[in-house]
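Trainee: This is what each chain is made of:
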Amino acid sequence: MRLTLAIAVVVLLTAGTGICETQQLVQAGSLTSQNSTIDTGDTAWVLISAALVMLMTPGLAFFYGGLVRRKNMLSVLMQCFMALCIISIQWVVCGYSLSFGPDKHGIIGGLDWSFLNGVGMTPNAAYAPTIPHEVFMMFQMMFAVITPALIIGAFAERMKFSAFVIFILLWATIVYAPVTHWLWGNDGFLKNMGALDFAGGAVVHINAGMTALAAALVLGRRQGYPNGISPPHNLPFAALGAGLLWFGWFGFNAGSALKASGLAGNAFAVTHIAGAVAGVTWSVLDWLRYKKPTTLGMITGAVAGLAAVTPASGYVTPIGAICIGIGAGIFPWLVVTCLKTKLGYDDSLDAFGVHGIGGIWGVIATGLWATKTINPDGADGLFYGNPAQLWIQLKVVLFTVVYSFVIGFVLLKFVDVVIKLRVSEHEERVGLDLTQHREAAYTLID
Amino acid sequence: MKYIIAVIQPDRLDEVLKRLEEKEIHLVTVSNVVGRGRQKGIAEVYRGHKEQGSLLRKVKIEIAVNEAFVEPTIKAVIDGARTGQIGDGKIFVLDLPECIRIRTGEKGNLAIG
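Taken in sequence, the protein lines are chains E and Z.
Position one of the first sequence corresponds to residue 1 (the numbering used here), numbered consecutively onward.
Position one of the second sequence corresponds to residue 447 (the numbering used here), numbered consecutively onward.
None of these hints come from the bench; they were simulated from the model.
These numbers were taken from a predicted model, which means no experiment stands behind them.
Each hint should be verified, as a subset may be incorrect.
Distance ranges between label pairs, derived from CB positions [what the hints assert, rightly or not]:
#1 Asn227/E x Ile532/Z: 23 to 33 Å
#2 Ala514/Z x Glu439/E: 47 to 57 Å
#3 Glu439/E x Glu490/Z: 21 to 31 Å
#4 Arg484/Z x Pro318/E: 45 to 55 Å
#5 Arg503/Z x Gly344/E: 48 to 58 Å
#6 Arg484/Z x Asn227/E: 19 to 29 Å
#7 Leu434/E x Arg484/Z: 29 to 39 Å
#8 Ile532/Z x Val165/E: 47 to 57 Å
#9 Gln223/E x Asp525/Z: 40 to 50 Å
#10 Thr475/Z x Ser230/E: 43 to 53 Å
#11 Ser230/E x Lys464/Z: 32 to 42 Å
#12 Tyr449/Z x Ile166/E: 50 to 60 Å
#13 Ile166/E x Ile532/Z: 53 to 63 Å
#14 Phe414/E x Ile532/Z: 49 to 59 Å
Quick reminder that beta carbons are idealized off the backbone N, C-alpha and C, glycines included.
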């Protein structure tokens, strides 16, 4: 196992060196002729946005980390940060090319851009004509990183670290790359169908959320679930993480305009509005049902609202964002607080309930409230006289829900058969920090 | 020699320490503990999941004293900790067979103060 890994790394590195040399030559030749199309304002904004989206993964680590028990804190931080490292490498090696490379039958990109071959300082007109191609690639890399990290919420506190590493690599390649290509790749079949997914309601949230549900089912419940599980060990960390996510989301959604433009400004506004409205909505529901508004409920609602507005952020007005925010407070709340308990699956930190349901609602809602007055390159939704768009959005939901759930399920079963997904009962009791990493998050005695 | 253990409401600690100080009882050990008495806990709710029978935060005070100080200690703790509400806590008094000061090796009544 270890030997194979070492050989793989060596092979990849050697292959990479060869390609790098030719790539630099290509760039040098084309640099002068096309340099004039780069807009410095656009480039600056997308660079900053990429950094904002990068910060969401550590933010997610603290959001999730605060919700687990003390003994599993580091395992969650480690899984998030390791996703940041591993998926970044996978993105360079083949992930970016499979997602955005030259189209193969509308299903997936070719391997032409492996090792970022040809992805340099000149813009790619099809994706972002005013920023360097490499900047677009980096912006997209941060999406590819956080999406598998979102799934951690479903299998937290019981998955083997080795199984996690293999699983996210397979998932990023076999699930994330094609779904991204369908919606965002040049000539992807859903994109050509007229699908609207501005910043990843389907690509990121449905995609991660549905595989999260598969993970909860394949792994089974944690020992003692539901009544023997201690409450979140550090809600202040969860609130800090939610704050970082919210902050990063401005890069996620407004950055997806790929320009420093009015459209980016509108995406910025509607993102914030939907998050705020969903946070209030969740609190009100908690207040009515459980007599008190909870901190955890408030921040969960905000994250659900931000997830739901993601696909819509480039197409809806502030009024549309308020409606989307209300729905994002209601539907995930119903699934997380009522349905999950009734059905009995253990989606530990509600990756499916918040991101899956929030994403599905958002993609559908885009088909309701999208308007060309916000984005002439988009489409009108049902409430602006175009019911056909709702039908397209429903097809997007159908394709991504089925693909992400089924293939996610199969991949998890595959890894389970090969090396087992779950830690032993004893390891689960002791905690993943000690058994998977030989560390403890907190010392009890100085 | 007696070993006195008092479990009290956390917000009464300062008052109890002040009362003990007034009676010249300086040596105490204090720890944060959780527990459950007749007061019962307040049920917590996390994303709709109710945590049943949750334990309450209390403060535990431990004091080793010579016989002459037993009653003043008990009085000081009661005066400081009593609110009249359910959950004020309890005092346990145990016999203490031995006490040794680590620095000097003194034993018994000498070591305790």
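Trainee: Next, verify each hint and record whether it holds.
Mentor: Hints, verified against the model:
1. For the hinted restraint 23 to 33 Å between Asn227/E and Ile532/Z, the CB-CB distance of approximately 26 Å keeps it satisfied.
2. For the pair Ala514/Z and Glu439/E, the beta carbons lie near 51 Å from each other, so the given range of 47 to 57 Å is met.
3. At roughly 29 Å, the beta-carbon separation of Glu439/E and Glu490/Z lies within the given 21 to 31 Å, and the hint holds.
4. Here the CB-CB span from Arg484/Z to Pro318/E is close to 54 Å, well matched to the stated 45 to 55 Å.
5. About 32 Å separates the C-beta atoms of Arg503/Z and Gly344/E, a value inconsistent with the hinted range of 48 to 58 Å.
6. For Arg484/Z and Asn227/E, the hinted distance range of 19 to 29 Å is satisfied, since their beta carbons lie about 23 Å from each other.
7. Roughly 37 Å separates the CB atoms of Leu434/E and Arg484/Z, a value that falls within the hinted 29 to 39 Å.
8. Remark: the range hint 47 to 57 Å for Ile532/Z to Val165/E is upheld by a beta-carbon distance near 53 Å.
9. The hinted window of 40 to 50 Å between Gln223/E and Asp525/Z holds, with their beta carbons roughly 47 Å apart.
10. Here the CB-CB span from Thr475/Z to Ser230/E is close to 27 Å, at odds with the stated 43 to 53 Å.
11. For Ser230/E and Lys464/Z, the Cβ-Cβ distance of about 35 Å falls inside the hinted range of 32 to 42 Å, so the restraint holds.
12. The supplied range of 50 to 60 Å is met by Tyr449/Z and Ile166/E, whose beta-carbon atoms lie about 56 Å from each other.
13. Separated by about 55 Å at the C-beta atoms, Ile166/E and Ile532/Z satisfy the suggested range of 53 to 63 Å.
14. In this structure, Phe414/E and Ile532/Z meet the distance hint of 49 to 59 Å, their C-beta atoms being roughly 57 Å apart.
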